[in-house]
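Chemist: Residue-level listing of the chains:
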Amino acid sequence: MVTPLSVAVKIWAKTIAMLIIIGSICALCLGVGWGILFVGLALIFGFFITLPLLIGISPLVKWSSLIPYSKQSRMGWLIFFLFLFYLLIFIGAGLLSVGYHDGFFGDFMTKDGAVCMLSIIVVQFIAVRTTRKSLYKLYEQL
Amino acid sequence: MNKDLVKIILVTAGAVLFNLVFWNEKLAINTVLFDAFLLSALFFLYPTARKSATVNWLLLGHLVSLIMVVVHNTDLSKIAFVVTLLLIAGFAEYTHRSAWFAGGSMLMNVVMVVASFVESIKINKGKPAKRKGVSRFIRFAIFPLILVIIFFLIYRDANNAFSDIAGRIGVQLEIFFGHFFDFFSWQRLLFLLLGLLITGSILLKSKLDYFSTRETRMNDGLQRSRKSLRQKRMSGFFQFVEMIMGKMASGMMALKNENTTGIISLVLLNVLLLLVNCVDVNFLWLHFQYKPGLPVYKMVHEGTELLIVSIVLAMAILLFFFKGNLNFYKRNRWLKYGAYAWIIQNAMLVSSVFLRDYYYILKHGLAYKRIGVLFFLLMVLIGLVTVFLKIWSRRTNYFLFRVNAWAGIAVLVLATTIHWDEFMAGYNLKRKNTVDLDVSFLLSLSDKALPLLDTNIVALQKRENDARLQKHNSQPVCDTCFIEELKQREIQFVQKQKELTWLSWNYADAYTKKYFRKKGLITAIN
Numbered sequence: 023m024v025t026p027l028s029v030a031v032k033i034w035a036k037t038i039a040m041l042i043i044i045g046s047i048c049a050l051c052l053g054v055g056w057g058i059l060f061v062g063l064a065l066i067f068g069f070f071i072t073l074p075l076l077i078g079i080s081p082l083v084k085w086s087s088l089i090p091y092s093k094q095s096r097m098g099w100l101i102f103f104l105f106l107f108y109l110l111i112f113i114g115a116g117l118l119s120v121g122y123h124d125g126f127f128g129d130f131m132t133k134d135g136a137v138c139m140l141s142i143i144v145v146q147f148i149a150v151r152t153t154r155k156s157l158y159k160l161y162e163q164l
Numbered sequence: 008m009n010k011d012l013v014k015i016i017l018v019t020a021g022a023v024l025f026n027l028v029f030w031n032e033k034l035a036i037n038t039v040l041f042d043a044f045l046l047s048a049l050f051f052l053y054p055t056a057r058k059s060a061t062v063n064w065l066l067l068g069h070l071v072s073l074i075m076v077v078v079h080n081t082d083l084s085k086i087a088f089v090v091t092l093l094l095i096a097g098f099a100e101y102t103h104r105s106a107w108f109a110g111g112s113m114l115m116n117v118v119m120v121v122a123s124f125v126e127s128i129k130i131n132k133g134k135p136a137k138r139k140g141v142s143r144f145i146r147f148a149i150f151p152l153i154l155v156i157i158f159f160l161i162y163r164d165a166n167n168a169f170s171d172i173a174g175r176i177g178v179q180l181e182i183f184f185g186h187f188f189d190f191f192s193w194q195r196l197l198f199l200l201l202g203l204l205i206t207g208s209i210l211l212k213s214k215l216d217y218f219s220t221r222e223t224r225m226n227d228g229l230q231r232s233r234k235s236l237r238q239k240r241m242s243g244f245f246q247f248v249e250m251i252m253g254k255m256a257s258g259m260m261a262l263k264n265e266n267t268t269g270i271i272s273l274v275l276l277n278v279l280l281l282l283v284n285c286v287d288v289n290f291l292w293l294h295f296q297y298k299p300g301l302p303v304y305k306m307v308h309e310g311t312e313l314l315i316v317s318i319v320l321a322m323a324i325l326l327f328f329f330k331g332n333l334n335f336y337k338r339n340r341w342l343k344y345g346a347y348a349w350i351i352q353n354a355m356l357v358s359s360v361f362l363r364d365y366y367y368i369l370k371h372g373l374a375y376k377r378i379g380v381l382f383f384l385l386m387v388l389i390g391l392v393t394v395f396l397k398i399w400s401r402r403t404n405y406f407l408f409r410v411n412a413w414a415g416i417a418v419l420v421l422a423t424t425i426h427w428d429e430f431m432a433g434y435n436l437k438r439k440n441t442v443d444l445d446v447s448f449l450l451s452l453s454d455k456a457l458p459l460l461d462t463n464i465v466a467l468q469k470r471e472n473d474a475r476l477q478k479h480n481s482q483p484v485c486d487t488c489f490i491e492e493l494k495q496r497e498i499q500f501v502q503k504q505k506e507l508t509w510l511s512w513n514y515a516d517a518y519t520k521k522y523f524r525k526k527g528l529i530t531a532i533n
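Line by line, the protein sequences are chains P and B. Throughout, our numbering is defined as the position within the first sequence, counted from one, plus 22. Throughout, our numbering is defined as the position within the second sequence, counted from one, plus 7.
Just chain B, same shape as in the assembly (with noise of 0.2 Å):
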């Protein structure tokens, strides 16, 4: 058969997969259904690709996410299952090594959606029909038609009698077209055209390989290249920096006054930053200890966000440096020795921010920016050492970004493996003694979490109750509210459950569901 017929019908056939498993529903069990059609049809159309042992580790993290979404059905293994299926697309159907060229290569699929599939319909299509008489026709009764339409309106207004048989007529057409429009949902057939955007996204290859063109010039090797000063003087950033330095950034002795900046740089960095981190090991390392009136925030969790910022800039500062020449420059010992220093205080700050996180964490329980902070110190080591490595083995930023890509990958698809919601509403609760609890915070985590709150709830409401008491030494306004909420919580969970089908089932709902049909209505407080 022909391949572009091939393609017409696999898309189509997506679309109205998608269409009949998604329609109303959410991403769970369905998910799978969906994935196993676009898996086989990607395979089939591109079938080198499983021979790709890149297209195979990103078949088994997809798998990851996918097992994650019917499991956890967490918003990050959806993100997390997307991510990786629009990467096996890339890479299955074009050549690449790195992520973010793959991606921009999808993206590319995105864009031009349309016209790949009015081509591949183009291509299959035989000899023209004669349509000219069709349309012909078209154009002959358009204006007649306005005119009737018009002339019609004002005659029925003008004419009472005339008026009276259109509005029979009318109320007859408006109960058939009511029936019909009843029986035909426009929302579904717009969700059809969004089916046929995504599953075409991915299944059809766009004649623009910009990316995989762009990628086959790149390499992770640094190459030493001669540029002259009028190409030098192209870039907008040179003459930047030529403003500041003048004659020393573009005459014979360049790349030497290069060398020197970068080696006072490293230096006053250094020690500027080894003072900080002296305070941070006194304070934070060796006697940390939480002052009573002082709020955590205040002490740990203020300017978290800035000492995260400084290390990215410092790897770009880092990046800067060793752009090109000046790696392979003969006299940068001590460039790359300020840089190692620069890289292993940069760790030692990643520690102290760690720190800040974990005191923080011990004194307030965990939520979604502090387990964010995690992991993003985790991103933030892993660039460290590749930026070392780049260093180290004269590496270009294209392998910078690559290997980064990768971890990112590995990492967002280890972290579906949680479900984070209950395993945060775990941790704080088995904590309820020694943490301060936001309530609030916790009513407003997913529906996983519910069993575990409503095993708490009475016992919590008590602890907020008798707090509230000691510190202004009132009555609460609301002695239930909190019970009161989960109720709802409760309520909606089972009302948004009656309104899906097995095409939604997941393990997290049905473990949820499961547990209230055991125990039936929540506690009353006593």
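Next comes chain P alone, as it looks inside the complex (with noise of 0.2 Å):
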């Protein structure tokens, strides 16, 4: 049986893997000494830390499976949306970070920001993509 946590939970372990590797290569990339260190805490904490992000995707990968379409617009939608999760997310935590009069959402336009929020569409096409199994078994049950 599947259930829409259960799919939500393969998505957010997916996407969280993928960013600790990305973020470990860029780690080790810079600096040996603490890159190995950030490996070793990503992969202890990272998973802890991001857990309360389901209490997010749950809800959307069962709303996913309500509206009306095919498997893979629902797919398509899902994406989207989990993407603008992040996106809240980041502009949230850069909100509570950096303040809204330094500029947070100037730095969106930047090469930066850009390269970042289309990492963030790559991450979650792929984590979504390669659960699509479960996902379709999911939208068949419902």
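Any given hint might turn out to be false.
Unchecked claim - Dumping the calculated DSS-like pairs for lysine-lysine here, alpha-carbon to alpha-carbon at most 30 Å:
(1) K133/P - K505/B
(2) K525/B - K343/B
(3) K36/P - K212/B
(4) K469/B - K370/B
(5) K239/B - K370/B
(6) K93/P - K494/B
(7) K505/B - K93/P
(8) K214/B - K32/P
(9) K239/B - K214/B
(10) K129/B - K155/P
(11) K155/P - K214/B
(12) K370/B - K93/P
(13) K133/P - K33/B
(14) K214/B - K84/P
(15) K32/P - K93/P
(16) K212/B - K84/P
Don't read these hints as lab results, they were simulated from the structure.
Two independent chains are provided; combine them into the complex using the hints.
Modeler: This is the structure we're talking about:
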């Protein structure tokens, strides 16, 4: 039996794993000393810290199964809304750490900001696409 | 050609056009190009829409807003342009009578745009190609690739000679990718996606027609309906009323009791409002005088917001009493008279608020909020008239909101025909000897007001300096501040214009540019 939560867990785990791998490679490229430490810490705490994200991912998976579209279209919808979800989290985190007046929104139109947003889309695409079997099973079930 | 294929082609073409005409530009003449494409595509995809009178009226409003975007280039004209465009799409794609429901359908389009786009692609895909091989290759490659990267990095740091070779290759790759990414803009790719979303939201009809199905059940005319007590008790509001009124809200005489409560409430409210109106007529309408020493905002401005809230609340009270079967109650004559009196008195209150605003404008000149109040009062007046119509001819709340939404759209479109910043600057400067001018506010107005300010700035600065000298009996700290500020605005304007191309051409900017080109630098103080 596939549930929205079980599918959400798979998508979440893949997303975090991918982000940890990308982060680790970047950290290793920048400097080995703390890079290894970063990989270790990310593996231990990464999943633990991001666990609350499931509160947002699970309903999105459920809603994607309720819209009257084909499986592929529902999957496309889910990828887009997961991207928006992560984007909102990034904006929220940015507002908390940088503050509105320091031009956080302006940063999104910089090269780094655009690369960051496109990376989220690619990571989400891979995470959802590789979970499509469970996702389709869920769509057939509901 | 397959309609879904056409949709994909049109949405993609729209996104490319959006990218070409709006990248690093402002909404101006480029809007005409994009709008022409969007409207042509919309009427091509939904040809029956051209026959709809609503769409044609909206099209007229939309064209007025579009012209105003090119002529005045104000934020208001841009808002009106977007609103009318979305409504045209809403009415072209779905069956609607109300702008609210059409707006809801467009919201659904926005939410479902990705699903609608993928759906069109999916329908057009032929037989699936053999991709299993590619997929298998990717799956086999991922893990080894990660291992190779990690071990490469470890060996690089462990072996100096290997690190040297790797470093040289790395530098070459960095140069290559540096050139590649300089040519290829990530921001522009993201902008293309935004264009895809915008064009898709307008052209692709969502499969969810929740709002149009809901609207088909709505009527303008109120119909008498019998509701059982159990059905009534389902609503939280009824439970609240029952808590206060007890059995009087649910017994056999419930309607009569509701009528009596309504009459008592309206009589008391009318008496209270009559007192307020009498005071206003005496002090504001007949014997108004600016009292020396007392700030004008204390006399007239304070409380304006509260009065506006009270008028809106008054309409809500009437909607509450005339929400259901009380409209059909035989002995509701006095309730109706009370409601009409309440509407007339509220219209008087609108006039009093208008007078307050007028006196404030006379003393301090025009400003955004003061003009906003005028528009709000106009909308409230239309609201009161429609509430009267609703009670008089037993109309539904749906009718009320529908008519008011159309009135709102008409007012919005008409409001775009005036460049308010220029109008405010012109009005205030023309009365600079009678009005307390806020020069800092005038200097914050949009670029179109700059020529007007430039012709008056020397006089304004002198006036300000003299006023300060008289008031504080001291020399001002900075006696050319306003002139410097205006100079800065001019420099900013010129710099901004340099970054834009012909795609951002609009009459307002062209006018200011022409003025400064003719005049040269801003006059220095003598």
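Chemist: Are the Cα positions of K214/B and K32/P separated by 30 Å at most?
Modeler: holds, 29 Å
Chemist: Given the hinted pair K133/P and K505/B, is their alpha-carbon gap at most 30 Å?
Modeler: At roughly 22 Å apart (the allowed maximum being 30 Å), K505/B and K133/P satisfy the hint.
Chemist: Sort out whether K93/P lies within 30 Å of K370/B, counting only the CA atoms.
Modeler: violated, 65 Å
Chemist: Does the structure keep K469/B and K370/B at a Cα separation of 30 Å or less?
Modeler: Since the Cα atoms of K469/B and K370/B sit roughly 20 Å apart, the hinted pair holds (cutoff 30 Å).
Chemist: Does the structure keep K214/B and K84/P at a Cα separation of 30 Å or less?
Modeler: holds, 18 Å
Chemist: For the pair we were handed, K93/P and K494/B, check the Cα-Cα distance against 30 Å.
Modeler: violated, 60 Å
Chemist: What's the verdict on K129/B and K155/P, does the C-alpha distance respect the 30 Å limit or exceed it?
Modeler: Status holds; Cα separation ~18 Å.
Chemist: CA of K212/B to CA of K84/P, is that 30 Å or under?
Modeler: Since the Cα atoms of K212/B and K84/P sit roughly 23 Å apart, the hinted pair holds (cutoff 30 Å).
Chemist: Are the Cα positions of K239/B and K370/B separated by 30 Å at most?
Modeler: Measuring from Cα to Cα gives roughly 54 Å; hence the hint is violated.
Chemist: With the threshold set at 30 Å, check whether the alpha-carbon distance from K239/B to K214/B stays at or below it.
Modeler: The given pair, whose Cα atoms are some 34 Å apart, is violated under the 30 Å limit.
Chemist: What's the verdict on K36/P and K212/B, does the C-alpha distance respect the 30 Å limit or exceed it?
Modeler: Violated, at roughly 33 Å.
Chemist: Has the given pair, K32/P with K93/P, been kept, meaning a C-alpha gap of at most 30 Å?
Modeler: holds, 18 Å
In summary, the numbered hints that this structure violates are 2, 3, 5, 6, 7, 9 and 12.
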